[in-house]
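K.L.:
Model the placement of chain W on the given structure of chain E, informed by the hints.
As you go down the protein sequences, you meet chains E and W in turn.
Under UniProt numbering, the letters of the first sequence match residues 1 to 367, in that order.
Under UniProt numbering, the letters of the second sequence match residues 1 to 367, in that order.
Source of the hints: derived by calculation from the structure; they are not laboratory data.
Among the hints, erroneous ones may be present.
Identical copies look the same in the list; a pair holds intra-copy or inter-copy alike.
DSBU-like cross-link-like pairs, simulated, lysine-lysine; straight-line CA separation at most 35 Å [unchecked claim]:
1. K201 <-> K356
2. K243 <-> K332
3. K97 <-> K201
4. K243 <-> K134
5. K304 <-> K271
Number of protein chains: 2
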Amino acid sequence: MLVEKKVMEIPAFQTVSGSRLTGVRIGYEVYGRLNAAGDNAILIPRSYSSTSHVAGKYSTTDAAPGIFDSVIGPGKTLDTDRYFIVSTDNLINVAAKDPTVTTVGPSSTNPATGKPYGMRFPIIQIRDLVNADKAILDALGVKKLHAVVGWSMGSMQAFEWSVAYPDFVSRVGALLPIAQMDGYTVAQLDNWGSAITLDPKWNNGDYYEGPAPTDGLTRTLNTLHITQRSYGWGTNLAATPSKPDRSPASSWDAGFAAVANMQAASAARTKVFDANAILYGNRAMQLFSVGGVATLEEGFRPAKAKFLIVPARSDVLFFPAYGQRAVEALRKNGRDVTYLEIDGTGGHFDGVFEIKQATSALRTLLQ
Amino acid sequence: MLVEKKVMEIPAFQTVSGSRLTGVRIGYEVYGRLNAAGDNAILIPRSYSSTSHVAGKYSTTDAAPGIFDSVIGPGKTLDTDRYFIVSTDNLINVAAKDPTVTTVGPSSTNPATGKPYGMRFPIIQIRDLVNADKAILDALGVKKLHAVVGWSMGSMQAFEWSVAYPDFVSRVGALLPIAQMDGYTVAQLDNWGSAITLDPKWNNGDYYEGPAPTDGLTRTLNTLHITQRSYGWGTNLAATPSKPDRSPASSWDAGFAAVANMQAASAARTKVFDANAILYGNRAMQLFSVGGVATLEEGFRPAKAKFLIVPARSDVLFFPAYGQRAVEALRKNGRDVTYLEIDGTGGHFDGVFEIKQATSALRTLLQ
Chain E
1 MLVEKKVMEI PAFQTVSGSR LTGVRIGYEV YGRLNAAGDN AILIPRSYSS
51 TSHVAGKYST TDAAPGIFDS VIGPGKTLDT DRYFIVSTDN LINVAAKDPT
101 VTTVGPSSTN PATGKPYGMR FPIIQIRDLV NADKAILDAL GVKKLHAVVG
151 WSMGSMQAFE WSVAYPDFVS RVGALLPIAQ MDGYTVAQLD NWGSAITLDP
201 KWNNGDYYEG PAPTDGLTRT LNTLHITQRS YGWGTNLAAT PSKPDRSPAS
251 SWDAGFAAVA NMQAASAART KVFDANAILY GNRAMQLFSV GGVATLEEGF
301 RPAKAKFLIV PARSDVLFFP AYGQRAVEAL RKNGRDVTYL EIDGTGGHFD
351 GVFEIKQATS ALRTLLQ
Chain W
1 MLVEKKVMEI PAFQTVSGSR LTGVRIGYEV YGRLNAAGDN AILIPRSYSS
51 TSHVAGKYST TDAAPGIFDS VIGPGKTLDT DRYFIVSTDN LINVAAKDPT
101 VTTVGPSSTN PATGKPYGMR FPIIQIRDLV NADKAILDAL GVKKLHAVVG
151 WSMGSMQAFE WSVAYPDFVS RVGALLPIAQ MDGYTVAQLD NWGSAITLDP
201 KWNNGDYYEG PAPTDGLTRT LNTLHITQRS YGWGTNLAAT PSKPDRSPAS
251 SWDAGFAAVA NMQAASAART KVFDANAILY GNRAMQLFSV GGVATLEEGF
301 RPAKAKFLIV PARSDVLFFP AYGQRAVEAL RKNGRDVTYL EIDGTGGHFD
351 GVFEIKQATS ALRTLLQ
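Just chain E, same shape as in the assembly:
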């Protein structure tokens, strides 16, 4: 499936925190066709480190298709012959330097100064991401979402959709789900970002005219990488040195293959990730509690949709317990909820690489 990146401009956007942004340009992709009633749309809110490119290739020579291509396309679980699939780059996308991404965030030019915002960009919340996608869906003519299906940070948006626009959302698929932050995750997210702010090149976020805090960003991405994995990773990699002729038992100038693999993956991502955007993404997640209230039960009260909740059993980022908390709160509100755990030892990544375990449940949700 060949797909095309498009850009939508939202003329004026008011953030939850009270800031006003103008001329907000956001990249998006659509697959399939919107029906006349405007009610066959499925939104895939972006996850933390993904973009609107969730399916297909831009060109036949692309190395890999969009991240959820295995479930999106003609005849697939999210069938583009039946549904109008929409995904957007949204605000504060961490891949701000990716040439295929159009987003607004700390690296954007502040029209008031003509310079990048840096950490003066307004703090963005999950509800803001929902509202930005709502503006795009409205402009595309979508009258009702057949479903919103989100992974990880996308699950937060999916949950928030169900209570922000309860009459607009018929079904919610929340994979690798979390509906409310706890202290553990708040601290975990602080920890991700802390290597960035420790790097002297970060310079309180004003690094756009000099060298980027690449060392700190690399370490942040290492943390992200580990937290997305689990005990199934690298049982054969432990004692393998990164340099075959040097032993990490005798020299600090030698390390381990597992670390080198991780660092290479992170270094590649530093080319497209903006360090400040990581901090904004973390803060958005840290602030999240569905509906913006203290308890999950109260937060889910406005919801009218049908729900599918799918954590991964070995996930140590968004633990299955988080999905179970959402199930409990939804059931107390009388909602129809299906719960399924993806089995495996791959951690958070199982939500992507083992998604085939959830396709049958996703099909049932969409019926």
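P.N.:
Frame of chain E, contents of chain W only:
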């Protein structure tokens, strides 16, 4: 129970990596009395961030007793009326700046230069910790260990004891166990230390004559703190701001109570922890595979002891799967192994705070 810190000097010590250390002074504590046969001793190898102070108080005015006081003492699970309990500060103790700790490591003076070793101190392995404790036990007249009972990094030593000195060790209690590194844990440990090496004050480990890399060390200890917890932490702390009059939704100058709590705990520990010693402790763990060979089954072949393996169910540092791998390898070698999981949502910390769940099994092991 009032206890006393003592110091043993090992005149000459050869490391596994081939370095020779002289005049190695190591702090230790003993509780109970060694019997005439010298065979009623129980060794408690230190864990990563603990010291030889595992029970009792130095003075009646101490705020808290040693870390495993709940199970060590007269009539307790590790009964000091019957057993001679030994614990040591060992080499490369991370709490090198704690005045009650005596250890040798990167902050020690290199006799060849009269200056601190820094990162020129030899790389230490788990087997070295075992050998140092063996020298101390020999000097104390211990002929045989009734048991070695270790938590976390202490479990590595307990396992290594069973194959390094199989005729010396009758029973092994391994709590929060890991017998062989995998890529996940190797990368995780790299991640702990990476904030230290990112701090410009670290200066390649030569900071002893200037300011210590306290910012980096604090962040490292934050990572340690999170990794030792799990999804049971802070369900009520998420949205709580660190400053009651500022909202983290509107200002970067405001954060979350969970982060502030963690940072305060870490900041306190920076007063006694040496940053380089963290790197040495991490490397020792990263290099670990029981018996120094590639497979667990081969590694455990020399073992003769009886084993008790006790992971904590929600531990995301040393997952229950790691304990299960050890059980499988031991059983393939025909060893008598009891396996018990500590139930809870507190993560690695459950191995300390929920140890009462394992006391009955520990008593059975010691019979």
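K.L.:
Tell me, in ascending order, the numbers of any earlier hints that this structure violates.
P.N.:
1 and 5
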